[in-house]
Amino acid sequence: MEVETSPSGQNMQPFLRVEKLVKCYERQNVFGSRDRLLALDGVSFAVARETTLAVVGESGSGKSTLGFCISCLEIPTSGSIWFEGRDIAVLTESERRKVRAQIQLIFQDPSNSLNPRWSVEDILLEPLNLEGKLKREETKQRAAALMTQVGLSSDMFQRSPAQLSGGQRQRLAIARALALEPKLLILDEALSALDCSVQAQIANLLIELQRTLGMTYLFITHDLAMAAHLADEIAVMNRGRVVEQGPAEKVLRHPKEEITRHLLAAMPSLDNAERPPLES
Amino acid sequence: MRTRHPFAKWLAILGALHAIVACAGFFAPYDPIEQHRKNPYLPPMPLHLMDAQGHLHLRPFAYALKLRDGTFDQYKQDTSQLVPMKFFKSGAGYRLLGFLPSRIHLFGSEDARICLLGTDAYGRDQFSRLLYGGQISLLAGLLGAACTLSIGLCVGAAAGYFGGWRDDALMRIAELFLALPWLYLLFALRAFLPLSVSPLKAFFLIVAVIGAVGWARPARLVRGVVLSAKERDFVRAARGFGATDSYLLRRHILPETSSVLLTQAAILIPQYVLAEMTLSFLGLGVPEPAPSWGNLLSNLQQYSVLVSYWWMYLPALAMVPFFLGYLGLASSLQERLEPYKIERRSPGSLA
Amino acid sequence: MRFFLQRLRHACFLLFGVSILAFLFTTLAPGNYFDEMRLNPQIAPETVAALRAQYQLDRPLPVRYASWMNSVVHGQMGFSFAYNSPVAPLLFVRARNTLLLTITATLIAWGIALPLGVWSAERFGRLPDRLLSWATAALLVIPDLALALGLLVLTVRTGWFPTGGMTSLDFESLPLSGKLRDLALHMTLPVAALVLSALPLLIRHVRASVAEVLDAPFILAARGHGIPRRTLLYRYALRAAANPLISLFGFSIGALLSGSLLVEVVMSWPGLGPLLLESILSRDLYVVIDGVLLSTIFLVSGNFIADILLYWADPRIRTEGGTR
Numbered sequence: 001m002e003v004e005t006s007p008s009g010q011n012m013q014p015f016l017r018v019e020k021l022v023k024c025y026e027r028q029n030v031f032g033s034r035d036r037l038l039a040l041d042g043v044s045f046a047v048a049r050e051t052t053l054a055v056v057g058e059s060g061s062g063k064s065t066l067g068f069c070i071s072c073l074e075i076p077t078s079g080s081i082w083f084e085g086r087d088i089a090v091l092t093e094s095e096r097r098k099v100r101a102q103i104q105l106i107f108q109d110p111s112n113s114l115n116p117r118w119s120v121e122d123i124l125l126e127p128l129n130l131e132g133k134l135k136r137e138e139t140k141q142r143a144a145a146l147m148t149q150v151g152l153s154s155d156m157f158q159r160s161p162a163q164l165s166g167g168q169r170q171r172l173a174i175a176r177a178l179a180l181e182p183k184l185l186i187l188d189e190a191l192s193a194l195d196c197s198v199q200a201q202i203a204n205l206l207i208e209l210q211r212t213l214g215m216t217y218l219f220i221t222h223d224l225a226m227a228a229h230l231a232d233e234i235a236v237m238n239r240g241r242v243v244e245q246g247p248a249e250k251v252l253r254h255p256k257e258e259i260t261r262h263l264l265a266a267m268p269s270l271d272n273a274e275r276p277p278l279e280s
Numbered sequence: 001m002r003t004r005h006p007f008a009k010w011l012a013i014l015g016a017l018h019a020i021v022a023c024a025g026f027f028a029p030y031d032p033i034e035q036h037r038k039n040p041y042l043p044p045m046p047l048h049l050m051d052a053q054g055h056l057h058l059r060p061f062a063y064a065l066k067l068r069d070g071t072f073d074q075y076k077q078d079t080s081q082l083v084p085m086k087f088f089k090s091g092a093g094y095r096l097l098g099f100l101p102s103r104i105h106l107f108g109s110e111d112a113r114i115c116l117l118g119t120d121a122y123g124r125d126q127f128s129r130l131l132y133g134g135q136i137s138l139l140a141g142l143l144g145a146a147c148t149l150s151i152g153l154c155v156g157a158a159a160g161y162f163g164g165w166r167d168d169a170l171m172r173i174a175e176l177f178l179a180l181p182w183l184y185l186l187f188a189l190r191a192f193l194p195l196s197v198s199p200l201k202a203f204f205l206i207v208a209v210i211g212a213v214g215w216a217r218p219a220r221l222v223r224g225v226v227l228s229a230k231e232r233d234f235v236r237a238a239r240g241f242g243a244t245d246s247y248l249l250r251r252h253i254l255p256e257t258s259s260v261l262l263t264q265a266a267i268l269i270p271q272y273v274l275a276e277m278t279l280s281f282l283g284l285g286v287p288e289p290a291p292s293w294g295n296l297l298s299n300l301q302q303y304s305v306l307v308s309y310w311w312m313y314l315p316a317l318a319m320v321p322f323f324l325g326y327l328g329l330a331s332s333l334q335e336r337l338e339p340y341k342i343e344r345r346s347p348g349s350l351a
Numbered sequence: 001m002r003f004f005l006q007r008l009r010h011a012c013f014l015l016f017g018v019s020i021l022a023f024l025f026t027t028l029a030p031g032n033y034f035d036e037m038r039l040n041p042q043i044a045p046e047t048v049a050a051l052r053a054q055y056q057l058d059r060p061l062p063v064r065y066a067s068w069m070n071s072v073v074h075g076q077m078g079f080s081f082a083y084n085s086p087v088a089p090l091l092f093v094r095a096r097n098t099l100l101l102t103i104t105a106t107l108i109a110w111g112i113a114l115p116l117g118v119w120s121a122e123r124f125g126r127l128p129d130r131l132l133s134w135a136t137a138a139l140l141v142i143p144d145l146a147l148a149l150g151l152l153v154l155t156v157r158t159g160w161f162p163t164g165g166m167t168s169l170d171f172e173s174l175p176l177s178g179k180l181r182d183l184a185l186h187m188t189l190p191v192a193a194l195v196l197s198a199l200p201l202l203i204r205h206v207r208a209s210v211a212e213v214l215d216a217p218f219i220l221a222a223r224g225h226g227i228p229r230r231t232l233l234y235r236y237a238l239r240a241a242a243n244p245l246i247s248l249f250g251f252s253i254g255a256l257l258s259g260s261l262l263v264e265v266v267m268s269w270p271g272l273g274p275l276l277l278e279s280i281l282s283r284d285l286y287v288v289i290d291g292v293l294l295s296t297i298f299l300v301s302g303n304f305i306a307d308i309l310l311y312w313a314d315p316r317i318r319t320e321g322g323t324r
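Chains as they are written, first to last, in the working numbering: chain A, 1 to 280; chain B, 1 to 351; chain C, 1 to 324.
The following block holds chain A by itself, in its conformation from the complex (with noise of 0.2 Å):
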């Protein structure tokens, strides 16, 4: 896979490279039988600094499996996943416990990745308190700090997460995976949960903090239209493998696989004509 210029023309060493990563669940049965399950088969790419890419596909093309595996949630089978100058798929325990506070992951259902039965101010702090570098007076001025941050206020810290609406909700997983600082920042269909006026605007406030913290995004979601609003570049998986990439408006606009196109078919638009014909 070579390695693309970023959208604002320098030549960068790039953010993130993935090289062939391979990720395959086995299961062995009692009775010797082994069930196995190859959710990802060689994937390439590249995210340049202070970008959004986009990873687009259908549901168990194995978008997530991509997620955990470079946010160190889980271990590749085999490829690498090179992020500031190492390969952190073959790190120890403890040096990928380390790497992890600098890849953080917001998930798609913000009722599901916050627990229920913790306040808003312990679900908040939890990494922080992990983290355990910091007193406990920095740790609530940082939470104040981040509540701000994502648009909530701090009088909310006693609620539960049952309490906020799904945005609001959202915001609090934002951050709460803002509290360590990552670099860069795995979004898992972090906005498919949401109702429309919604998405639109965590969206706006992602890509505020984009500017302001200078992250990176891998905007992981099956929604073409999520994608053309928030990336600048694509890339598409089919089957656990990336089978294009480029700038966004060049693969919305000549896109030049099947299933990319299946996708563009897919969204829902107002005027047919900008669409490019499915080949039958």
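If you're looking for bench data, these hints aren't it; they were derived computationally from the structure.
As the structure is a prediction and not an experimental result, all values here were calculated from the model.
Heads up, a few of these hints could be off.
Stated by the list, open to error - Partner residues aside, some chain A positions facing chain B, computed with beta carbon under 8 Å: (1) 71; (2) 73; (3) 101; (4) 105; (5) 114; (6) 126; (7) 180.
Claimed, not checked - Using C-beta positions, here's what the derived DEER-type ranges look like: (8) B:87 with C:160: 41 to 47 Å; (9) B:9 with A:266: 54 to 60 Å; (10) A:225 with B:224: 35 to 41 Å; (11) B:36 with C:243: 56 to 62 Å; (12) A:111 with B:212: 37 to 43 Å; (13) C:188 with B:201: 37 to 43 Å.
Claimed, not checked - Going by beta-carbon spacing under 7 Å, a handful of chain B positions derived as facing chain A: (14) 232; (15) 233; (16) 234; (17) 236; (18) 237; (19) 240; (20) 241; (21) 242; (22) 243.
Where a beta carbon is used, it is the ideal one built from N, C-alpha and C, also for glycine.
Go by the hints and put chains B and C onto chain A.
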């Protein structure tokens, strides 16, 4: 009938029942081991407010019993002898809740004893024995349930969280335990332990045996909860923040098991009290002279007792209010904690 | 076919495991049959030792297990010290009696619970259903021990039924009809105790499962097609509710077996229960192990039958290949 907090109501009822048994020393008029060999098998003495002459007494009383002419074990009430009931009477010493020495009993009498439930072969007051016996039986049930749930929690959590061969191995062992009819297993286990031991040792032995038999079903349930909790995104997120296994278990996963554990407790405790009763009834549990609801019934195995002394059966019904309370508690717990369960309209299951 | 073989293999492993478990317990046993003898000053210690060696009580565990297995294969199943005979003939007579009781109780209990549960589910929430719920709750809170003893006390005072045993003293001299009648009379009380203790739970579950199914849209559609009520209830609703009920059937067999132990002892029915109790109290090792094993065999067989019923009743299991 749906009150707003049925759970609290049942808890209150059970709490009151348990409190009465816990303070058996106060509520029981006489010492449970004190024998009166001259008065074996006295029938229950009913309380009256109006005497044979038609006078109303403010203080409840009983009639003293005397032998019917021509018999040696049939009693009848002697209407010429009134035994009034005295409240807050000083009597045999005891230790309230195990450490506060006291001599005050809720009620008692001068001269003759008022035996509300009659006496047994050694003339011991059955009512007092019932209350004291409840302490042992209920405690056995509670401790046994605690034992089982602890084992079930550890095994289920280990199997569910770590998975792999550990999960397989543990679940196969659980299946073995589930395949045995539990009363047979209980008996077999009890068999292979010393038979004649002191009451205290016997008590702990039974608790251990009862606790060790039933861990398989709770373990399976806990495992199910842990398996699904493990996949929740907030657990993944916490791992992404650098959480260790013990942190995840302690703060995220195990709290999810609380509802399962509570409902299982409400179901298991009465079953275990019944198990202790069964063991003691058959002579494999708490031995004499310590009273337990089970061994209070053991002389019913003799035909003569069955025929002539029917009141010896009454301790068997002691368990009924407790069963009722635990049944209500289990139902209300299930409704409260798992309202989305499939049997949403059923009154609750005890399977 | 593969399904059956798989379940069969599973059952065999289970029984094997249980036998090992039972044998393991014996190593924890701090006493044995000959302890009493040893305490008796009139019997020389050498005699006791010789007897112990004869019964192989001093050999290591694997050896004992192997010879017991050998004995099982040859149809003897170990040796009873108290009865001075191979265990097998002892067990089988008792087992037959226990099975008689348990199977009768199962049939009667389900025979009552199914119609009652369905009837109750049909009238869900209305007065007759609520009354039945109260009645079952009242029955449920009476412990099994109290039920059995209570029936006994009632019988003794009224004299309607014999108070114990399986047959009367003059059984042999009765004609066939007399024998049957005698047996039935003796069986009434223990079966009643078992049925009454199992009934509330069964009725509750049948009612719950059928009520849930009656909610389903396909029942409404069938009603719309004019299908008569009885067919609707039994052919449609009950079949759909069969799944959890068949699992309950397997569970109820285990519960009834456990319950029968107590009932047999209380009512002096000569089944496995009293035998087990007796051999526990006298430390008759092999009888205990075999008794436990036999009851496990019954339980596992019951579950196996339940699995077969499930397979027959639920086409989904057949098509999915039927792994648990």
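Taking the hints in turn, this is what the structure says about them:
1. 71: Holds, because the Cβ-Cβ distance from residue 71 (chain A) to chain B comes to roughly 6 Å (cut-off 8 Å).
2. 73: Holds. Min distance 6 Å.
3. 101: holds (7 Å)
4. 105: holds (6 Å)
5. 114: Given a least distance of 6 Å, the restraint on residue 114 (chain A) holds.
6. 126: This interface hint holds because 6 Å falls under the 8 Å limit.
7. 180: holds (7 Å)
8. B:87 with C:160: 41 to 47 Å: holds (44 Å)
9. B:9 with A:266: 54 to 60 Å: holds (55 Å)
10. A:225 with B:224: 35 to 41 Å: For residue 224 (chain B) against residue 225 (chain A), whose Cβ atoms are near 39 Å apart, the range 35 to 41 Å holds.
11. B:36 with C:243: 56 to 62 Å: Cβ of residue 36 (chain B) to Cβ of residue 243 (chain C): about 60 Å, so the range 56 to 62 Å holds.
12. A:111 with B:212: 37 to 43 Å: holds (40 Å)
13. C:188 with B:201: 37 to 43 Å: holds (41 Å)
14. 232: For residue 232 (chain B), the interface hint holds, since the closest Cβ of chain A sits about 6 Å away, which is under 7 Å.
15. 233: holds (4 Å)
16. 234: holds (4 Å)
17. 236: Constraint on residue 236 (chain B) satisfied, holds at 6 Å.
18. 237: Holds. Min distance 6 Å.
19. 240: holds (5 Å)
20. 241: This interface hint holds because 4 Å falls under the 7 Å limit.
21. 242: holds (5 Å)
22. 243: Where the cut-off is 7 Å and the nearest Cβ of chain A is about 6 Å from residue 243 (chain B), the hint holds.
Of the numbered hints listed earlier, not one is contradicted by the structure.
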